[in-house]
Amino acid sequence: MKNRFKVLRAERDWTQADLAAALDVSRQTIIAIEKGKYDPSLSLAFKAAKLFDLQIESIFQADEDS
Amino acid sequence: MRDIKSKSSVNSISDRNKKNTKSLAIWTSAWLLSLALVAFGPVLLWEYNKVISLCAIAINLLMGYRMIMANKQHLEDLDELQQRIHFVAMALSLGVSMVFGAVFGLLEAVRLVEFQPSPSSVLFVMGISYGVGMLLAHRKYS
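Quick note, the sequences are listed as chains A and B, same order.
Quick note on my numbering: the first sequence kicks off at 29 and runs consecutively.
Quick note on my numbering: the second sequence kicks off at 246 and runs consecutively.
Don't read these hints as lab results, they were simulated from the structure.
All values reported here derive from a predicted model rather than from experimental measurement.
Treat the hints with caution; some may be incorrect.
[Said to hold, decoys possible] Simulated crosslink set (SDA-like; lysine to any residue; CA at most 20 Å straight-line):
| id | chain 1 | residue 1 | chain 2 | residue 2 |
| --- | --- | --- | --- | --- |
| 1 | A | 34 | B | 317 |
| 2 | B | 264 | A | 31 |
| 3 | B | 317 | B | 261 |
| 4 | B | 385 | A | 31 |
| 5 | B | 317 | B | 331 |
| 6 | A | 78 | B | 325 |
| 7 | B | 263 | B | 325 |
| 8 | B | 385 | A | 67 |
[Said to hold, decoys possible] Over 12 Å on every C-beta distance to chain A, these chain B residues come out as not near it, computed from the model:
| id | residue |
| --- | --- |
| 9 | 278 |
| 10 | 290 |
| 11 | 294 |
| 12 | 363 |
Just so it is clear, CB atoms sit at the ideal spot from N, CA and C, and this is done for glycine as well.
Work out the full structure: start from the sequences and follow the hints.
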């Protein structure tokens, strides 16, 4: 699954630590999500969508082959 | 622009992890000390008095229970990726310990070794494989 975490975070001038604290996860989790190495749970995805004030599908997109 | 710093919870995941790690370290130390008391107390302190030995065992079981609960709390307060990393490490540790434990127990029966295999050896395998599992999972997600 692809995501726009890094872009959205940069647009808002938030650090990884800021975003991690706001989502109540570790910075390692934000790094793994941004690198596409970890797909967050549905609840974390909804939490991120609320924080970014966006629809969930505008943050996360399924891979072409999935 | 929204100020997310004000949204950060006062009791952050980092604070919870620190608190839980400290609690786990305290109860693990208490359990280890009480285990040492059960192992060496009868020989060095109370000359195999059964009542005192039973009391020491009761204390050890209580410390063990508190350690298990502290570990459970520690795992529950981790975030979802950290929980997954521990899950991977536990899966590896359980599998390796089961395979190693089963064959290790047979070594004397099939006369490959002279000594009686000690079940506590499995604890070392469990610890090492858990550590290796944590390392591998951390590398996978970083």
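Do the hints match the structure? See the list:
1. A:34 x B:317: violated (33 Å)
2. B:264 x A:31: At roughly 33 Å apart (the allowed maximum being 20 Å), residue 31 of chain A and residue 264 of chain B break the hint.
3. B:317 x B:261: holds (13 Å)
4. B:385 x A:31: holds (18 Å)
5. B:317 x B:331: Cα-Cα ~12 Å, so holds.
6. A:78 x B:325: holds (18 Å)
7. B:263 x B:325: At roughly 17 Å apart (the allowed maximum being 20 Å), residue 325 of chain B and residue 263 of chain B satisfy the hint.
8. B:385 x A:67: holds (13 Å)
9. 278: Non-interface label on residue 278 of chain B holds, nearest chain A Cβ at 31 Å vs cutoff 12 Å.
10. 290: Residue 290 of chain B clear of chain A: closest Cβ-Cβ about 45 Å, beyond 12 Å.
11. 294: holds (49 Å)
12. 363: holds (38 Å)
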